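Since chain Y is already given, all that's left is putting chain G on it; use the hints.
Taken in sequence, the protein lines are chains Y and G. Quick note: the first sequence uses full-length UniProt numbering, first residue 1, plus one each step. Quick note: the second sequence uses full-length UniProt numbering, first residue 1, plus one each step.
Calculated directly from the structure, the hints in this document are not laboratory data. Honestly, I wouldn't trust all of these hints.
Since copy identity is lost for identical chains, a pair holds within one copy or between any two.
In silico DSS-like cross-links for lysine-lysine, where the CA-CA straight-line distance does not exceed 30 Å [said to hold, decoys possible]:
id, residue 1, residue 2
1, K48, K324
2, K233, K100
3, K56, K125
4, K356, K3
5, K233, K324
6, K324, K356
7, K379, K3
8, K233, K343
9, K48, K3
10, K3, K56
11, K343, K125
12, K100, K324
Note that the coordinates shown come from a computational prediction; the quantities given were computed from them, not determined experimentally.
There are 2 protein chains.
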Amino acid sequence: MTKSFYPPLRTLMGPGPSDVSPRVLAALSRPTIGHLDPEFIRMMDEVKEMLQYAFKTSSPLTMPISAPGSAGMEACFVNLVEPGDKVIVCQNGVFGGRMKENVERFGGIAIMVEDEWGTPVDPAKVEAAFAANSDVKLLAFVHAETSTGVLSDAKSLCQIAQNNGALTIVDTVTSLGGSELDVEGWGIDAVYSGTQKCLSCPPGISPVSFSQRAVEVIEQRESKTPSWFLDQKLVMGYWGGGAKRAYHHTAPVNSLYAFHESLVMLEEEGLENAWARHQFHHSALRAGLEAMGIGFLVEEAYRLPQLNSVFVPEGVDEAEVRSKLLANYNLEIGAGLGALAGKVWRIGLMGSACNKQNVLLCLSALENTLSAMGANITKDRAIAAAEAVYSS
Amino acid sequence: MTKSFYPPLRTLMGPGPSDVSPRVLAALSRPTIGHLDPEFIRMMDEVKEMLQYAFKTSSPLTMPISAPGSAGMEACFVNLVEPGDKVIVCQNGVFGGRMKENVERFGGIAIMVEDEWGTPVDPAKVEAAFAANSDVKLLAFVHAETSTGVLSDAKSLCQIAQNNGALTIVDTVTSLGGSELDVEGWGIDAVYSGTQKCLSCPPGISPVSFSQRAVEVIEQRESKTPSWFLDQKLVMGYWGGGAKRAYHHTAPVNSLYAFHESLVMLEEEGLENAWARHQFHHSALRAGLEAMGIGFLVEEAYRLPQLNSVFVPEGVDEAEVRSKLLANYNLEIGAGLGALAGKVWRIGLMGSACNKQNVLLCLSALENTLSAMGANITKDRAIAAAEAVYSS
Numbered sequence: 001m002t003k004s005f006y007p008p009l010r011t012l013m014g015p016g017p018s019d020v021s022p023r024v025l026a027a028l029s030r031p032t033i034g035h036l037d038p039e040f041i042r043m044m045d046e047v048k049e050m051l052q053y054a055f056k057t058s059s060p061l062t063m064p065i066s067a068p069g070s071a072g073m074e075a076c077f078v079n080l081v082e083p084g085d086k087v088i089v090c091q092n093g094v095f096g097g098r099m100k101e102n103v104e105r106f107g108g109i110a111i112m113v114e115d116e117w118g119t120p121v122d123p124a125k126v127e128a129a130f131a132a133n134s135d136v137k138l139l140a141f142v143h144a145e146t147s148t149g150v151l152s153d154a155k156s157l158c159q160i161a162q163n164n165g166a167l168t169i170v171d172t173v174t175s176l177g178g179s180e181l182d183v184e185g186w187g188i189d190a191v192y193s194g195t196q197k198c199l200s201c202p203p204g205i206s207p208v209s210f211s212q213r214a215v216e217v218i219e220q221r222e223s224k225t226p227s228w229f230l231d232q233k234l235v236m237g238y239w240g241g242g243a244k245r246a247y248h249h250t251a252p253v254n255s256l257y258a259f260h261e262s263l264v265m266l267e268e269e270g271l272e273n274a275w276a277r278h279q280f281h282h283s284a285l286r287a288g289l290e291a292m293g294i295g296f297l298v299e300e301a302y303r304l305p306q307l308n309s310v311f312v313p314e315g316v317d318e319a320e321v322r323s324k325l326l327a328n329y330n331l332e333i334g335a336g337l338g339a340l341a342g343k344v345w346r347i348g349l350m351g352s353a354c355n356k357q358n359v360l361l362c363l364s365a366l367e368n369t370l371s372a373m374g375a376n377i378t379k380d381r382a383i384a385a386a387e388a389v390y391s392s
Numbered sequence: 001m002t003k004s005f006y007p008p009l010r011t012l013m014g015p016g017p018s019d020v021s022p023r024v025l026a027a028l029s030r031p032t033i034g035h036l037d038p039e040f041i042r043m044m045d046e047v048k049e050m051l052q053y054a055f056k057t058s059s060p061l062t063m064p065i066s067a068p069g070s071a072g073m074e075a076c077f078v079n080l081v082e083p084g085d086k087v088i089v090c091q092n093g094v095f096g097g098r099m100k101e102n103v104e105r106f107g108g109i110a111i112m113v114e115d116e117w118g119t120p121v122d123p124a125k126v127e128a129a130f131a132a133n134s135d136v137k138l139l140a141f142v143h144a145e146t147s148t149g150v151l152s153d154a155k156s157l158c159q160i161a162q163n164n165g166a167l168t169i170v171d172t173v174t175s176l177g178g179s180e181l182d183v184e185g186w187g188i189d190a191v192y193s194g195t196q197k198c199l200s201c202p203p204g205i206s207p208v209s210f211s212q213r214a215v216e217v218i219e220q221r222e223s224k225t226p227s228w229f230l231d232q233k234l235v236m237g238y239w240g241g242g243a244k245r246a247y248h249h250t251a252p253v254n255s256l257y258a259f260h261e262s263l264v265m266l267e268e269e270g271l272e273n274a275w276a277r278h279q280f281h282h283s284a285l286r287a288g289l290e291a292m293g294i295g296f297l298v299e300e301a302y303r304l305p306q307l308n309s310v311f312v313p314e315g316v317d318e319a320e321v322r323s324k325l326l327a328n329y330n331l332e333i334g335a336g337l338g339a340l341a342g343k344v345w346r347i348g349l350m351g352s353a354c355n356k357q358n359v360l361l362c363l364s365a366l367e368n369t370l371s372a373m374g375a376n377i378t379k380d381r382a383i384a385a386a387e388a389v390y391s392s
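In isolation and in its complexed conformation, chain Y is listed as follows:
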C-alpha cells in the first residue's frame, strides 16, 4: 500500500519553482468550490485586475492559462502563427529554441537571430533581420532567459518590431514581478509568464496578456487555431465573458486561489518595491560570491538579479556540490543547461525566496561545501561582504 507523501522542507534557490509563501500555500488548500460559482467568478475578476497591474497593462485580455508556462508560450504562438507566416525568433538560450519549435510546429517560418548564451539579444541583429526579410509578421524573444540569467532590452526590441509593422511575442516567465516590465508602455502584443518564479506560487499556471492588435489578428485568422484547449477565442469567452461566461474547460480552482493570494501579496508590496527587493538581495549575494572568488557568467549590465549564473570553481564536480547542498542544507540550486552544463550553477533569488536569510544560507552552505571538497576559494569573507551590503 502506498503511503502519503510528505515532502522534505527545502529552500528553493534554483531556476524555479521558488519558495512559496505560507500565505499562498494556505490559500491553495481552502475548500474547493465550483468553477461556475458566483463567488469563484468574482475571484476570477480580481485575478484579472491584479494581473493587469502586474503586467502593467489595461488590456482586458489578460488572464491565467490553466497550465504551466510552456502552455502559455504555446497559447501565444498557436493563436498568432498561421501556416507560412514569417517570425523572427531571437535565440540566446534554451527558451528561444523552444519558440522556434513552436513556430515550425504551427507551419510558420522561423528566421533565427542568434546570440551567444550568456549575452542579451542584440537589437542591431534584429534590425538586420527585418531589413533582410519582408512581410515579417512577428518578432519573438525572451525578456529574461532562465537558462543563462540574461535580461534583454524588451523596450528597444518592441520598438524595432513596431517600426517594421510586426507584432511581438515576449517570454516574461522569469521577469514578471522581479524585473521592470511594462507590457502596455512597451507595446508588447502577446506576453506569457509563469507563477513559480518571482510570483512565488506553485507551478502550473501561466499568466498571459494580448493587446488589442493581437486580438484583431486572432479574430481574422484564416485557419482554425490548431488547438481547442488553447484557442484564445474560446478562452476569452470564458475569462472575458463577465457574468455571461461560456463554459470552456474546468478552471484549476485551488491553483487559482493560490495565484490570487500571490497577486494580493504583490499588490501589498508594490510592483516597484518588488523589483527593488530583487535587486537589493542580488547585490548582497553578488558581494558574497565575489568575495569567495566566484564569478558571474553574465556582464553586469544585462544580469538578472533573480537568476544568478555563476562559474563552478575549477576542478569541482558541480553535481556533487548540488547533491551535498540538498542533503546537508536542504538547499536547492540549479545546474547549467545545454552548453553551460557542468560549467555554471544557476542561483535563484525569486519572489519569497529573495530574502536575507536565503542569501546568507546560500553563501555559508556553498563556502562550507566547497571548502570541504578542497576547492580553490577565498574563505571567511563572503558573509561579511553580504552583511556590508545589508548594513549600507
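This is chain G only, laid out in the frame that chain Y set:
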C-alpha cells in the same frame, strides 16, 4: 487593495468539481519542492504506479498531463491524428462534439455516429460506420457522458474497433474511479480522464494512458505533432525516463501532491469498493427522488451512478432552484447543457461527495425548496425512501 479570497464552504453535487477530501487539501498545501528533486521523482513514480491500478493497465505510458481534462483529450488526439486520417467519432452529448473539433483541428476527417442525448452510443451504428468506410484509423467515444449521465458499453465498442483494425480513444473523465473501467482488458489504446470527478481532487490535472500500439503509431508519425506542450514523445522522456528524466516543462508540484493523495485513498478503499459505493449511494438518491416524483432522463441500464440527470418539475424555473440551493444550503447541483438546458438538473455523487450525508442533504434541500416554490412534488417521502435503502 484587493483582499485575500475566502471561499464559502459548499457541498459540491454538480458535474464536477466534487467535494475534495481534507486529506487531499492538506496534501495540496505541503511545502513546494523542486520538480527535479529526487524526492519528487520518487513521488512521480508512485503516482504512475497508482494510476496504472486506477486505470487497470500495466502500460508504462500512464501519467498525468499537467493541465485539465480538455488538455488530456487534446493530448490523445494531437498525437494520434495526422492530416487526412479518418476517425469515427461517436456523439451522444457535449463531449463527443468536442472530440470532432479536435479531429478537424488536427486535419483529420471525422465520421460522425450520432445518438440522441441521454442514450448510449449504439454499437450497431458504429459497426455500420466501419462497414461504410475503409481505412478508419481511430474510433473515439465517451465512456461516461458528463453532459447527460449516460454510460456507454466501452468494452463492446473497443471490440468493434479491434475487429476493424482501428485504434481507440476513450474519454473516461467521469468514469475513472466511479464505474467499472478496464483499460488493458478492454484494449483501449488512448484514454484520458480528470481529477475533479470521482477521484475528488481539485481540477487541473488530466491522467492519460497509451497502449503499446498507440505508442508505435505516435513514434511512426510522418508529421511533427502540432503541439510542443502535449507532444507525447517529449512528455514520455520526462515522465518515463526514470532517473534520467529529460526536462520538458515544470510539473505542477503541489497539484501532483494532491493527486498522489487521492490515489492513495483510492488504493486504501479498493477500486471495486469505490465503484460499489457510487452505485449504493446512487440507489438511495434515486429512491428519494422517485419518491418525490422526480424522474430520470436516462434509462436505468445506462445510468451513471455518479451523474444523475433528473427532470425539472413542470413550471419550475430551474436556475432559481439552483440559486436557492446555493444561497440557503451552500449546495451546488448542475444545470442541463445544450438541448437539455432548462429541462434537467445534473446531480453529482462523485468521489468524496458520494456519501450518505450528501444524499440526505440534497433530498431535503430540494424538497423544501421545491415545496416553497409551489412545485407539484410528493412531500415527506423522500428521506424515508432513501433511509430504507441505507438500512436494507
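Hint check results:
no.	hint	in the structure
1	K48 x K324	between (42 Å within a copy, 28 Å between copies)
2	K233 x K100	both (24 Å within a copy, 18 Å between copies)
3	K56 x K125	within (28 Å within a copy, 55 Å between copies)
4	K356 x K3	between (36 Å within a copy, 27 Å between copies)
5	K233 x K324	neither (49 Å within a copy, 33 Å between copies)
6	K324 x K356	within (22 Å within a copy, 51 Å between copies)
7	K379 x K3	neither (44 Å within a copy, 47 Å between copies)
8	K233 x K343	between (44 Å within a copy, 29 Å between copies)
9	K48 x K3	between (38 Å within a copy, 14 Å between copies)
10	K3 x K56	between (45 Å within a copy, 20 Å between copies)
11	K343 x K125	within (27 Å within a copy, 62 Å between copies)
12	K100 x K324	neither (36 Å within a copy, 52 Å between copies)
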